[in-house]
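Novice: Now for the letters of each chain:
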Amino acid sequence: MEFFIITGIKAALVAFVLLTTAAYLVWIERKVLAHIQLRVGPYRVGPHGLLQPLADLIKLVTKEGVLPAQVNKFYYLLAPFLAVALALVSISVIPFGKQVEVFGYKTYLELANVNLGILVILAISSVSVYAVALGGWASNNKYALLGGLRSSAQMISYELPLALAIVSPLLMCNTLSLREIAEAQAGFYFGLIPKWHIFQMPMPQLLAFIVFLIAGFAETNRVPFDLPEAENELVAGFHTEYSSTNFAAFFTAEYCNMVTISAVATHLFLGGWNPPLPEVISNWIPPAIFVGFSLLAFYHATQTSPTRPWDKYTFPVLGVVLLGLAGIFTLPLLRDALTPLFWFAAKTGAILFLFIWVRGTLPRFRYDQLMKFTWTFLFPVSVVQLLATGILVAIVN
Amino acid sequence: MDAILFLIFAAIAVGCGVNLVVQRHPISSALSLVGVMAALAVLYLLLGAEFMAAAQMIVYAGAIMVLFVFTIMLLNAGSERKTDKALFARLFGVPALIGFIVLIGFLIRTLLPKTENVVFGTFTEGTARGVGLKLFTEYLLPFEVTSLLILIAILGAVVLARKEI
Amino acid sequence: MPSSVPLSWYLILSAILFGLGVAGFVVRRNIITVFMSIELMLNAVNLSFIAFSYQLRQVDGHIFSFFVMVVAAAEAAVGLAIILTVFKNRATLAIDDVSSLKN
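Chains as they are written, first to last, in the numbering used here: chain A, 1 to 397; chain B, 398 to 562; chain C, 563 to 665.
Don't read these hints as lab results, they were simulated from the structure.
Honestly, I wouldn't trust all of these hints.
[Unchecked claim] Examples of chain B residues toward chain A, derived with CB under 10 Å: (1) Ile424; (2) Ala438; (3) Glu447; (4) Phe448; (5) Gln453; (6) Met454; (7) Ala458; (8) Gly459; (9) Met462; (10) Leu464; (11) Phe467; (12) Leu471; (13) Ala525; (14) Arg526.
Think of the CB as a built atom: it goes at the ideal place given N, C-alpha and C, for glycine as much as any other residue.
For reference, chain A alone in the conformation it holds in the complex (with noise of 0.2 Å):
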């Protein structure tokens, strides 16, 4: 019985900080890309914008759902089903840090350790295609069906070196459970250079590291392989007929995605939850960086524009949250706890952060230059890797 409990309560934590991370990915995204782009992103809604997200869901939600004429009824709204809960249940196997003991009670921050946990991974993202392709065909639009269609074909094709480049990392640590990946990437060379699988004698994973990110965009259906809702050639291909509800559905799936193929990232290539620097230093690098942007918070506070009128209310209280969180990295009992869950998050916005800034600076491919590219470049590029791998681990061993 106390299983239950204690996974149900870990099975809500985890939906609400994963949605809430979507939610706020897209405000970041906004932000970011306006940036890029010398504008300053969404400012009305809360201080710089910061409760757009939540202003966004009321609009979805309170809005009308448009059901087209002649769409097939159950496979139109089966799809952003599908979509969502295949997006929120691949997030289950991942753990986010060691075990922890909260009131007496020892438990690893994760929901399920699987020992199958990356191919639990690669089943669910194979059949999240469905989702997409059923979009498309059930909208009775030709723009979804062409969106659908061309999603299912991108998919299945990108999946090769997905899987290929997550092979040889697995080759190195002989295991499936993203659990002890992690833990097989614990340590330095030299007391200097982490274990992590991108640095990992005899065979560096650095070209896996880059096939894996760039097939990983192309599953999520990120620039530069949006093509399935390529929106100046399809309207919005896929989602184009979806409103209110089923379309923040589809979003929010796509950002979870997102987040997902990170976080396995992170656990497969970039080491998981291990520090990059030895302990003696790393434990000190998040209270600094807490209390570098605190002092940055303050700076800004007293550097205030006509056109910032609340800046020198806002920024103070940032400063102050951001100096209390210092705090709680330098207490012993909590940093235990907190520094792996701090690295494991903070390598994960890395990577998230790099599916923005690329949205920001790549165009678009070509839907022909697509599936050449996979076919012929990142397939092959996969292929030669993981036989490198191979030879090196036996001839080690």
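Given the structure of chain A, go ahead and fit chains B and C onto it with the hints provided.
Specialist: Below, chains B and C without anything else, positioned relative to chain A:
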């Protein structure tokens, strides 16, 4: 717990299987088949075949059935039209199907040696490690032959799907 | 309510699914649905293999169903290519219309 899980997922599998046969639109049939496969994957887990459950979802549901759905969408296949042969099938086919299942069930009940109850967790060899060890030692030659088979299948598919045939 | 079910129930489920596959193969007129019925039969057989594997406590059954999966994948690739070609030449998917050898 095992019995409840078996009954739920067996019911899903049979329901989706019936739906596959009954539906007129190929997309509905394809998705029912995906439902059958997902339910079977859970049953594989109950039988301790965790690697096969994952392979079932990745290969069958994630690759083969996506190919089917893709083809159906590409050809824009509509619903089947009704034929007058359906009456015969209904009069003769349904009793024959039920008879077949009853016969098999009877045979399993009477001829098979006594089978034990399936308890989850009593058979733990079906991991990626267990299957891999068997596959790459005892069954290495068949495994290599399948790679040849797949190569031939790829060539065949490419030749058949060429534009100028 | 017993806490576990005998292995023979799995075999009966496999038989039911196989029977449904045969029924779909015979009844349906759409060539793709006929093809999918074959896949259903293969799945039913896989369930039997894995059930027997449990009974014997050996992974050989898993290997067998693995090979069935590989063959199914190859078959799907070639079969769907054939279906595409048929559709290109005749613009139909009904197997009753693809009967030029009979005339």
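Novice: Evaluate each hint against the coordinates.
Specialist: Verification of the supplied hints:
The closest approach between the C-beta of Ile424 (chain B) and any C-beta of chain A is roughly 7 Å, which is under the 10 Å cut-off, so the hint is satisfied. Checking Ala438 (chain B) against chain A by beta carbon gives a least distance of about 8 Å; that is within 10 Å, so the hint holds. Nearest Cβ of chain A to the Cβ of Glu447 (chain B): about 6 Å, under the 10 Å cut. The hint holds. Contact between Phe448 (chain B) and chain A, as hinted, is supported at the beta carbon level, the nearest pair being about 7 Å apart and thus within 10 Å.
Because the closest C-beta pair between Gln453 (chain B) and chain A is about 8 Å apart, less than 10 Å, the hint holds. Taken as an interface hint, Met454 (chain B) checks out: its beta carbon lies about 4 Å from the nearest beta carbon of chain A, inside 10 Å. Interface restraint check for Ala458 (chain B): the shortest CB-CB distance to chain A comes to about 6 Å, inside 10 Å, so the restraint holds. Here the hint on Gly459 (chain B) is kept, as its CB sits about 3 Å from the closest CB of chain A, short of 10 Å.
For Met462 (chain B), the interface hint holds, the least distance from its beta-carbon to any beta-carbon of chain A being 8 Å, beneath 10 Å. Of the supplied interface hints, the one on Leu464 (chain B) holds, with its beta-carbon coming within about 7 Å of a beta-carbon of chain A, less than 10 Å. Interface restraint check for Phe467 (chain B): the shortest CB-CB distance to chain A comes to about 5 Å, inside 10 Å, so the restraint holds. With a least beta-carbon distance of about 6 Å to chain A, the hint placing Leu471 (chain B) at the interface is held under the 10 Å criterion.
For Ala525 (chain B), the suggested interface contact is upheld, since its CB lies about 6 Å from the closest CB of chain A, less than 10 Å. The restraint placing Arg526 (chain B) at the interface with chain A holds, with a minimum CB-CB distance near 9 Å, inside the 10 Å limit.
Figure legend: structure checked against the earlier numbered hints; every hint is met.
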